[in-house]
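Chain by chain, the residues run as shown.
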Amino acid sequence: MQSEIRRKLLAAFSEADGGYVSGQKISELLGCSRTAVWKHIEELRKEGFVLEAVRRKGYRIVKTPEKITANEIQLGLQTDFIGQNIVYYDTVDSTQKIAHELSQKGAEEGTLVVADEQTGGRGRMARVWYSPKGTGIWMSIILRPNIPLQKTPQLTLLTAVALVEGIEEATGLSPTIKWPNDILINGKKAVGILTELEAEADQVHSVIIGIGINVNQQIDEFPEAIRNTATSIAIEKGEKIHRALIIQKFLERFEKWYTTYLEHGFKPIKLLWESYSISLNKTIHARTLSGTVVGKALGINEEGALLIETSEGKIEKVYSADIDIK
Amino acid sequence: MLNFKEIKEIIKLIDDSSIDEFTYESEGAKVQLKKTAARANQHVVYNNASEIQALPKQPAAESLEQPKKEVHLPKEESEQKTENLHKITSPMVGTFYAAPNPDADPYVTIGSKVKENTVVCIVEAMKLFNEIEAEVKGEIVDILVENGQLVEYGQPLFLVKPE
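Here the protein sequences line up with chains A and B, keeping their order. The letter at position 200 of the first sequence is residue 200 when you use the UniProt record's numbering, and the numbering goes up by one with no holes. The letter at position 63 of the second sequence is residue 63 when you use the UniProt record's numbering, and the numbering goes up by one with no holes.
Isolated chain B, as found in the complex (with noise of 0.2 Å):
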């Protein structure tokens, strides 16, 4: 079955071409994306009980009352202990800047204290420079990318204890 990363992957080729559906079925699980409105709305459905079944860790009761639901993706040992984390992410595809010049310190390192509107570090693609902000108030825990590499659109970032 698709993961998280290759949907989002899936939901962006989409969004940036003509194709108004898309249907990918696999094991008995079924994805299916639909642009509903002009701008491109997408909607993914998990269409499949069998499916919710077998998601790891996943109530038996509520995969039964709940047979048709949105984007639910099994979650992986390592993301459990992450749930009360925040995850920033990038908005775009770029190369992610910890600094704002190769001279500078960073943004921030692990254990910074951040407010919502906290530069964290910058993305920049075609000399195009965003800014990224926190958006929660909190600490650093992890940064999951290195200075200079390209991240994708929707990759953490890094992980945000909220306070």
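Just chain A, with the same shape it has in the complex (with noise of 0.2 Å):
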């Protein structure tokens, strides 16, 4: 966990915008002496932050580690409690073991469990997601939504609106929803999200939000099975991306579009998706365990199942499936 007086200083760089921070601002604020500020600043120079001393002027962050700390995450982030809280291992099982523990010991709202690594990292039906050391985001996100059950699924359409539009603002390119919730770029997946209810009967505990998003692996890194449906951020765009950049626009489109949703429902949530999304209109297969549907998907319904039109005119609600676009 990261301390109260690394996060204050933080701030007072995220507010200083690249700008410099006077040695006797620091002190201040963190309540210490200027001999302290030094040691502090040190600190981060020993965590890879390279920064910039000027007299009269004060200190200046000239550049981050491509590291998902904490520091890495808060420094710059503009959320008032996406985020805030945030749990960084460099080696996990799996974020959303960690998440779920953190949330039954009471965890707050918004809090992040992120990794550098993780070894057992899962999609659905227990289908291993490969998050491999230092190239991907690995993180889950505690939630404690006071909606009706029923209503929960629909909080995986909106994250994978923050998503797109977090991805979108951090580096240019257009990624694309394929129902539910996977985020492909160029027609090849680089997130994946899986989310779980802490529940009891019909009251709400948490909801715990995983996400794998593949940033800065090369093609010949991911398992042969899978090169030719999966990508990263960094393939996709020619040139590698710092995560924590990606991660702070998620966290702020994310922070964006729940309080939106909590506050007017889901209608301008399901707006956007239809907006992103990239099967609508065309012929897609929707295999699910008892068959599979195939027909026009129309868009999404006001719960968030995907409304598909058979060639016999008839609509079929589909709730869980694999999505193969014809």
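Honestly, the hints are just simulated from the structure, not real lab data. Just so you know, even glycine gets a beta-carbon here, dropped at the ideal spot from N, CA and C. A portion of the hints provided could be inaccurate.
Computed Cβ-Cβ distance ranges for the label pairs, DEER-style [said to hold, decoys possible]:
| # | chain 1 | residue 1 | chain 2 | residue 2 | range |
| --- | --- | --- | --- | --- | --- |
| 1 | A | 78 | B | 142 | 52 to 58 Å |
| 2 | B | 162 | A | 90 | 44 to 50 Å |
| 3 | A | 292 | B | 105 | 22 to 28 Å |
| 4 | B | 142 | A | 203 | 38 to 44 Å |
| 5 | A | 11 | B | 111 | 57 to 63 Å |
| 6 | A | 169 | B | 83 | 25 to 31 Å |
| 7 | A | 200 | B | 20 | 27 to 33 Å |
Once you've looked at the hints, go ahead and assemble the two chains, each given alone in its own frame, into the complex.
As structure tokens, then:
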């Protein structure tokens, strides 16, 4: 966990937005001596930050390390509660498991669990989610929404909208959504989302959203079996991207749409989701455990279920499926 | 007259709509649904004595004493036997999974002993996974749905004989 002093120090640099913060100001903010300020700055340097010190002006952060600890994520983060509490691990079995444990201990809404490497990342149907060290974003967010339980699946579509916009803002790429919440870049999957609910009967305790983003992998770093269907942001962009920037932009978009959703419901989210969807008006195959539905994807309903018009003109509602776009 | 499942579906539709009040009349019986508070709170009221008298095995005296009463739906023959059993119902619309993944054993089978916090299945929608707990201590005596089946909000999934 990050110390309160470190949090305040980074907040001061965030506010300066790349500009100088005087030693005097830092010592006032942290309530410590000028010598202690110097010590805190040295600690940041040891962690890979490049800081410039200029007499009479103060300190300025020139470069942040390509890491995703709370330091890098919170430096410049413009949110009120999403990602204000960050729990970072170098390596972890699954951020989702940690998030469940923290949630049961009463972790606050918006808590973010993030890891540099996952050894047991997983997707739908217990499929393995490949999450190697230092190249991706493996994270889980804890939410405590005051909404009826049956509406919680809408949050997975909301997450997809925030990811599309966050990635777009950070990279200039234009991702699309494949129902319900796979994020594709140039038709290949770059992000997967899996959400779990903690509830008792009808009462929602927490919603835990697990997100895996392929950021800086090269194509030969993917297992062969998924090379034709998976991609990373670096592959599509042609250059490596700071992971912390993507996390920040996502958290900001997420907070915006989550707050909107709690106030105004699913309608605005539905419109955005449909505008980013890749499958609308296309013929799709929806493979479910009880068979495959083939037809034209019309959109989503108020719950977030996919509406498919079959060749007989019948409209099927799909809640769970693997989608192939033809 | 509407059956229990149909009334539940109507409640859900109204819940998701801007309708504040709903009345349905058929064969002299009436169902009235009203949202009272801002947070859609429905009351289901059967306010017709003749309908209550028409219910099977309903003592006449009781119906006379309580001409207005909260949901009291006709019991079918098969439900008579299951009166003392606890129903585990689905809290959302979604796909029912009997096991954590396609290769795993089911969470429970008929005869399994469960505790309040035993996970009995998963219901999934839009890749949101909800592990359903038994909520009572007892024994699973029936599984009412198939693996992979779409289940409705409120649909019974398991019958548990409480200990």
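Hint by hint, work out which the structure violates, then give me just those numbers in ascending order. 4, 6
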